[in-house]
Amino acid sequence: MTASAYPVRRFLRSAAGLGCLVALATAGCSTDTDAASDAAPSQTSAVTSYAPYVSATEASDTDSAGAPTTYNLAFVISDGGSCTPKWDGTTAIDDSAAASRISALKEGGARVRVSFGGASGEELAEVCDSAEELAAAYGDALDAAGSTQADFDIEGDALTHSDAVELRSEAIALLQEERGEVTVAFTLPVMPSGLDDDALALLESANNSAVRVSTVNLMTMNYAESYDGDMGDYAITSAKAAHTQLRDVFDTSAATAWGGMALTSMIGTNDVAGETFTLSDAAQLRAFAVEKGIGWVSMWATFRDRECTGDADALVDCSGVEQSSGAFGEALAG
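Heads up: the sequence shown is residues 2 to 335, going by the working numbering.
In short, the hints are calculated from the structure, not lab data. Some hints here could point you the wrong way.
Listed next, with one range per pair, are the computed distances between beta-carbon atoms [unchecked claim]: (1) A315 to E133: 23 to 31 Å; (2) D272 to S326: 29 to 37 Å; (3) E323 to R180: 44 to 52 Å; (4) E182 to A315: 36 to 44 Å.
In this text, a Cβ means the ideal position worked out from N, Cα and C, and glycines have one as well.
Hey, can you work out the whole structure from these sequences and the hints?
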């Protein structure tokens, strides 16, 4: 994270079909409690949860703002050429300090989801030699975090690496075959026009491997320099466009497609010049998500949820806008 139609109608049908949208937990697709925590709400009781991205290794005073239901732990990638999973490519997944950090996040009852990939380094599928080896690496990271929830943040070169896309799909399918409780989210870039062909091809690949997907998480951020208008409006436009695509991809109802969607914004200053996601945008997006029954909302990232001071970098350390600490978390949590 930095921030068309493929023929994938078979992707998510009933439990008797090739795949099953885990968001339909109430219809028998999954009995796992972790799966239900961020899955699509039932059509009669919609609840949009808040699940921000956090550093897996360094605590922030703003981590708990908004009382997250789930924390997305960023990021597990290759150690730099081998099929060894590490936090940020440098810290062992079973590092004692990281384990203590993760335990602290869970103390209030929140769950954790392990996020693989991101904008930097090499996603494991780009370096592992086989689906079996890759599935084992994913499983080791989940075990280290004590989680059954996996997020695959696939962007940049990793999204266009067709061999890695296929290997990842095979490995995730193996992982779910071995561990029926594992739930999967794909975090993908989006534009106001919707998901691009590469993102849709990734979903097609997952379908072909019978991966069970609970959520497609849209990165509503960093569009292009020509998009210098209201970021809240752009996020909603992107969600609506992707919703139409996901109904087609999943061959499902409007309500289920909304429930199987998540929205992640880059708070404050974005990487693209002229794009700033404000507190007003956060409140607007939260209201929209609740109205539509979207599964969860998120942000990049809790450690940026503060006003910049001194020489702090607005793209790394803080939001770049005037705010009180934790204000974006509170706005997105509602």
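Evaluated hints:
1. In this structure the hint that A315 and E133 lie 23 to 31 Å apart at CB is violated, the actual value being about 43 Å.
2. Between D272 and S326 the beta carbon distance is about 22 Å. The supplied range of 29 to 37 Å is therefore violated.
3. Checked against the hint of 44 to 52 Å, the pair E323 and R180 passes, with Cβ atoms roughly 45 Å apart.
4. Between E182 and A315 the beta carbon distance is about 39 Å. The supplied range of 36 to 44 Å therefore holds.
Of the numbered hints given earlier, the model fails hints 1, 2; all others are met.
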